[in-house]
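Listed below, chain by chain, are the residues.
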Amino acid sequence: MKHILKMATVAAALAAPAWAEKPDDGLVHESASAMEGKTVAYVPIAMGFDLTEAWASGLRKDAEAWGYNLTIRDPNWSVDAGAQALSQLITEKPDVIVVHPPEIQAYARLLKQAARAGIPVITMNLKASENTDYFIGADWYDIAVQQTEQLIEICGKSNGGSGQVAVIQGVLTNPTSQYGMMAIEATMAAHEGELEMVSNQAADWDASKAHAIATTVLKANPDLCGFAGMWDNMDVGIAAAIKEAGKQGDVHVVTSGGGNKDSACDNVENGNFDSYISYDAAGQARDLMMAVRAVLQNPPEEAAAHPVAVYTPLKTITKESLYPGACWSLDDLNTYGP
Amino acid sequence: MSGGGKKARGISQEGIVIAISAVIFLVFAVTQPVFRTPENILSLIQNVSILGILAVAMALTIIGRGIDLSLVAIMAVSAAWVLQLSNNGMPIGLACLIGLGLALLIGLVNGILIAYLEIPAIFATLAIATAAYGFVRSMLLEDNLIYLKAAQDTWFKVIGSGDVLGVPNPVILFAIVALVVHLFLKHAVKGRFLYAMGENPSAARITGLPNRPMVLLQYLLAAAIAFLAGLIMATSVDSIETRIARSTLVYDIILVVVIGGVGLAGGKGKVRNVIVGTLMIGILLNGMTILNTPYTIQNIIKSVILLAAIIVDSVMNPRDEQTSQQGDI
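Chains as they are written, first to last, in my numbering: chain A, 122 to 459; chain B, 12 to 340.
Read the hints as simulated data drawn from the structure, not as lab findings. Take the hints with a grain of salt, since some may be wrong.
What the hints assert, rightly or not - Derived CB-CB ranges, DEER-like:
hint	chain 1	residue 1	chain 2	residue 2	range
1	A	Pro445	B	Asn99	21 to 27 Å
2	B	Arg223	A	Gly370	55 to 61 Å
3	A	Glu313	B	Asn310	41 to 47 Å
4	B	Ile109	A	Ala311	51 to 57 Å
Glycine included, each C-beta is placed from N, C-alpha and C at the ideal position.
Sequences and hints are given; from them, build the entire structure.
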């Protein structure tokens with residue numbers, strides 16, 4: 122018995138360091154202790170939809186792995202509530218604020234205040250007028266350039282199309298619309314004579330409004346060749362109107378979104394969308410995790426002094442490029458991580 | 012029991028709105044050949060049919076001296092639950108029954124709060140709108156946006172997207188809802204009770220009308236109609252975004268009801284008034300979309316025309332002690 126105990130003690134003594142004390146490679150301990158116990162605050166436009174849930178899933182994984190506190194303030198689509206949450210956070214002084222601004226101008230003053238208070242800020246996907254320490258997200262200008270180029274390929278006069286296209290924007294004050302429209306107009310001007318914008322309307326990110334507008338536009342322009350949409354969730358309304366008019370295959374939809382399987386791949390597969398520019402929210406979640414790690418380990422001496430741009434690599438999803446990993450699902454992200 | 016809008020003297024508000032709509036219609040019809048095609052007129056109505064159906068439900072509650080601010084929430088959450096249940100494997104017919112049950116349950120809570128606990132309708136339904144959205148979204152739904160997937164190729168899909176002899180189904184359903192509610196209000200005993208209750212609740216009660224059960228009925232009917240609107244919306248765009256519960260759609264609905272001439276004070280108005288108000292909005296939206304009017308300009312034009320209708324009404328039908336009532340507009 123004594124012998125067995127002795128053996129066990131020796132074995133334990135030998136085994137313990139192997140998993141309790143990781144060898145120090147010069148960074149591993151320092152980086153871990155720099156993150157432990159810190160506070161990361163996240164203010165999305167709203168929780169409960171694919172993009173913000175994907176990013177939160179990444180942050181939750183890292184908060185657990187590295188022992189930082191994650192606090193989520195959900196303004197539920199209210200700009201006021203979001204501004205309030207931000208100013209409250211500025212007084213609470215977390216170690217990083219991750220913000221997802223609903224409009225270009227809405228949080229500008231508050232972001233400046235956060236910088237003055239020395240709080241590093243990471244801006245997600247919708248670029249505010251004020252620069253912060255990191256911007257992680259889509260380049261809306263590039264997306265719309267790609268969309269327009271695809272429309273030229275499908276509908277351009279030199280390619281045998283009618284050249285008639287319609288644009289359905291979301292909310293006008295949103296960067297998607299602001300930079301998107303500039304890009305569409307510039308690209309059309311660069312390829313003069315190819316496309317003609319017969320309609321340019323806004324549908325407030327609402328699929329029903331997009332449906333109503335598309336129904337009317339289709340009637341008013343029998344030769345219409347394509348729609349440029351600005352968000353998958355809204356643009357399913359355009360696709361439904363085209364189907365209803367019996368014009369699926371004749372009128373094309375080029376859209377963009379976060380690459381969630383339900384919204385992106387499924388809708389490309391069933392022919393609702395001809396082409397989908399994905400800014401891969403799962404990839405963005407990973408980018409966000411890494412940016413938070415970087416800021417926690419190496420907080421900027423002066424907040425917002427040296428902004429870093431992490432523009433998301435874009436993926437074009439069409440029926441031809443619908444490979445198994447083209448999209449992601451929230452269940453998988455929550456289970457397996459980004 | 013005055014039925015047809017406000018007729019203090021001169022032309023009624025309904026008449027004014029019809030006249031303005033006719034003028035706008037003519038302007039669009041003359042300047043835009045596409046506008047006057049029968050297909051476009053049908054799609055014009057189709058595009059406002061959900062608004063119109065919800066407005067009929069709203070008018071029911073307003074005529075009975077109430078208001079239902081939870082209509083949009085009921086529509087969104089009950090239809091979203093139907094889609095989710097069906098996506099998770101439930102037969103669509105059963106899912107619809109359960110969704111209708113959910114809508115009626117919310118309507119019942121509204122009715123009980125208003126009829127028996129005597130909470131003013133505007134507060135009760137405002138609170139229930141938030142509570143119902145919050146409860147269903149967090150407890151029953153997996154996402155804000157639910158796609159129509161499993162029932163894509165069934166009869167269900169036809170509700171909001173098919174047509175009969177070229178007339179889109181939403182238009183037909185709008186017509187049926189309007190007709191049924193019209194017959195109910197005009198000919199059913201309970202419908203007449205609703206006017207009596209809206210006109211003067213105390214007198215109605217003294218006369219022996221069952222005020223409280225009538226209020227329950229009113230909110231149950233409104234909830235059932237909202238559920239139908241939800242099915243139309245979900246099947247016409249293959250998805251439902253529950254966030255619409257928090258949008259300003261409910262104000263558009265009240266606007267349609269009031270602009271057509273249904274008095275907010277209760278006891279006044281017909282389904283016809285709602286149709287007039289709905290068509291006016293439909294003509295405006297459709298015509299301006301064809302003209303490709305920029306969004307911000309559209310908003311300005313829309314509000315100016317609506318304001319003009321109200322100003323013309325108050326000039327032609329000035330208030331006095333006899334016509335003005337608490338809360339009347």
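A quick look at each hint next to the structure:
1. Restraint check, proline 445/A to asparagine 99/B: a C-beta distance of roughly 23 Å satisfies the suggested window 21 to 27 Å.
2. Checking the proposed 55 to 61 Å range against arginine 223/B and glycine 370/A shows it holds: the Cβ atoms sit about 57 Å from each other.
3. Distance hint check: the CB atoms of glutamate 313/A and asparagine 310/B are about 32 Å apart, inconsistent with the given range 41 to 47 Å.
4. Between isoleucine 109/B and alanine 311/A the C-beta distance comes to about 54 Å, which sits within the given range of 51 to 57 Å.
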